[in-house]
Structures are given as structure tokens and as C-alpha cells.
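Here is what each chain is made of, one letter per residue.
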Amino acid sequence: MADRHPLFKPLVFVGGLIFGFGLGFSHMARPEVVVNFLLFEDLGLPFVMFGAAIVSGVAFALLPRIRDAAPLTGDPYERRLKPFDRNVLIGGAVFGVGWGLSGICPGAAYASLGVGNVTILWALGGMFVGAYAQGYWRSRSGARDAAAAGAD
Amino acid sequence: MVADPVLLQAVAELFPNGVSRYAVGGLLVGLGTVVVYVGTGIPAGASTFLESTLSYVSGRSRFQRYVGSRDWRLVFTAGIVLGGLAFAATVQSGVVTTSLYEPGTTGRLYEVAGVTLWTTDVQPWRLFFGGILVGIGTRIGKGCTSGHGVCGVGSASKTSLVGVATFLTVAIGTAQVVAALGVSP
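Protein chains in written order, with the numbering used here: chain A, 952 to 1103; chain B, 454 to 638.
These aren't lab readings, by the way, just hints derived from the structure by calculation.
Note that this is a predicted model, so its numbers are computed, not measured.
Careful, some of the hints might be misleading.
Unchecked claim - To be clear about the criterion: a stretch of chain B counts as covered by chain A if any three or more of its residues have a C-beta under 8 Å from a C-beta of chain A, and this derived list gives those stretches: (1) 469 to 482; (2) 509 to 523; (3) 529 to 537; (4) 550 to 561; (5) 581 to 592.
Note that the Cβ used here is the ideal one computed from N, Cα and C, for glycine as well.
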């Protein structure tokens, strides 16, 4: 948005820097380490995901009690709650097959590029192909649904 | 209490690289999320970037809904890439040393202009086809390891807990099958 606070993007950038540094430090940017977890050869991964979830959970729980709105956007502090439907299961299962095959997820793939893993461009290219394919299909079926509703 | 050597050995086998690099990295991932949230109120995930960035080149409605957030998502992702590079230039290069970091033995290290970089041995076809499924699944499933796993679980969202349980279980099964078929790395 054009009228956002001038510090909005710099702050998002700094948050991304810390986030990416953490993915490098934790070795989540290394597909081998994720695969080793999934094969029960190194059980460290939950310390990353749940460690991060606990830190963010404290902020999500405390900030709404301290302030009404975020200083750079004026948006209220809300938790990340999304409605449940079968897409969560279908998408989660498809993601699970891809994660288990490749050992990489989106955030870790961006950080992986940063630590020098040029080969990860294969995964990033695949992710864009996959995201485009589902978006292409869902845009079409969405338009078809709308047309069908309009015809009634 | 006497430390049981059998127990100690079992723990060492389950955590051959210790837990500190994982725990410290996780705290930093959480801190990055909190920095964005405190300033903006946004619980940011990483996978929406895939669709929001496609809105620059595709007019399809599914991507155009992210036009309002595509600029800052690009900035967030650029930060993640450069955060990885900052890690490579400091800890991975040995410029900054800490006992909390366990370097491990995966992949291959190489040097460019004095910076120690790292690259994977996992085969490109696994990365590419796995990547396609990650791109489809995270977007249909409403989130990835950061959106569901960090922000959603941190929000005690039932949707995200179910999402995480689903992709974690399926990923374990997939990796076991792939390994059993003799695919390595």
C-alpha cells in the first residue's frame, strides 16, 4: 500500500534477516538434515519448529493485551486462525509428500539459496510451478463456479 | 542421581548433532516472526510469497488477490535469503564461533571470496518434483512449516495443528518409502 508507514518495509526486511539467519543456523536450510529427521536419524527438527512456535506464541498472546493496534499499520493484533476444511488435509498431505521427497519447505528454500545452495533453485522453480498450477486450476474453477451461480 | 550410560547413549544416538543449534535457530526464527508481528500485526508465513509473486506476471484471480501484500512479501523473502547469507558469512565461515553451533557433515562446503558457502547433495529431481508438490500443497492447505508450524501453532489454531500433524505424518512416511527404495541422497 502506498500510504504505509516508511518503516514498514525496513522492519519486515529485518524480521526476514533474523528469520533466515535462524534457518541457516538450525540447518533447516539443508535438505539432508530435514530428511534425516524424517528418517528418525536426528530428532532435532521439532526444537526448531516448536521453539519458534513458542516464541511467537508468547508474542501473539501478550501483544493484544498490551496494545490495541500495531504501530506501523494500525492493524489490530490478532492470532493466525484459519477456517478448517478438507483442503487443509488434502493440501497438507500433498505438501507432506513433497517435503518428504525433497527435504525442503518454502522458507528454508529461500534461506538455503542464501547459504550458497545454488542447487536449491530446482526446488524453488518447482514450488513456483506447483503454486502456478494450483492457482491456474483454482482461478478457472472459481470463474466457472461464479458463472454457474450467475446463470441460475 | 546417577546418569544411566545406556540412556545417555540412546539420547546421543537420537541427537547426533546435539539440540543447541536447533533450539537457538528456532528461537531466531521465532524472533524474526515476532519482529514483523510487533510492528505490523502480521503473522507472516513464507509460502504465500509464491502466489503473491506470481501476481506480477499473471492476471489470474487466484494470484491477484495478493497484490496488496506482494511488495512486502518480496522484501520479507529477500531478508530471508540475505539472512541465510549472513549466517554463511559469519558462523558457517568460522568468523563467529560458538559452542552452540554444531557444523555437521551434510552436503559440500565451497568458498567464494572468503565466504564459506554450502550446497546440497540431494538429487535435483527430488528437489524439483518435491518442490512442485510443496508449491501445490502449501497453497491448497493454507500454509507451510512457517505459516501453520510456527504462526499457526503459536496461535494454538486447531486448523494449523491438524495441518502440521497431516504434513508431518505424510512426510515421515514418504521419506521412509523413498529411503527404502534405495534413493540416496
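Cross-check of the supplied hints:
1. 469 to 482: It holds, with 13 qualifying residues against the three required.
2. 509 to 523: holds (count 6)
3. 529 to 537: It holds, with 9 qualifying residues against the three required.
4. 550 to 561: It holds, with 4 qualifying residues against the three required.
5. 581 to 592: It holds, with 12 qualifying residues against the three required.
Figure legend: structure checked against the earlier numbered hints; every hint is met.
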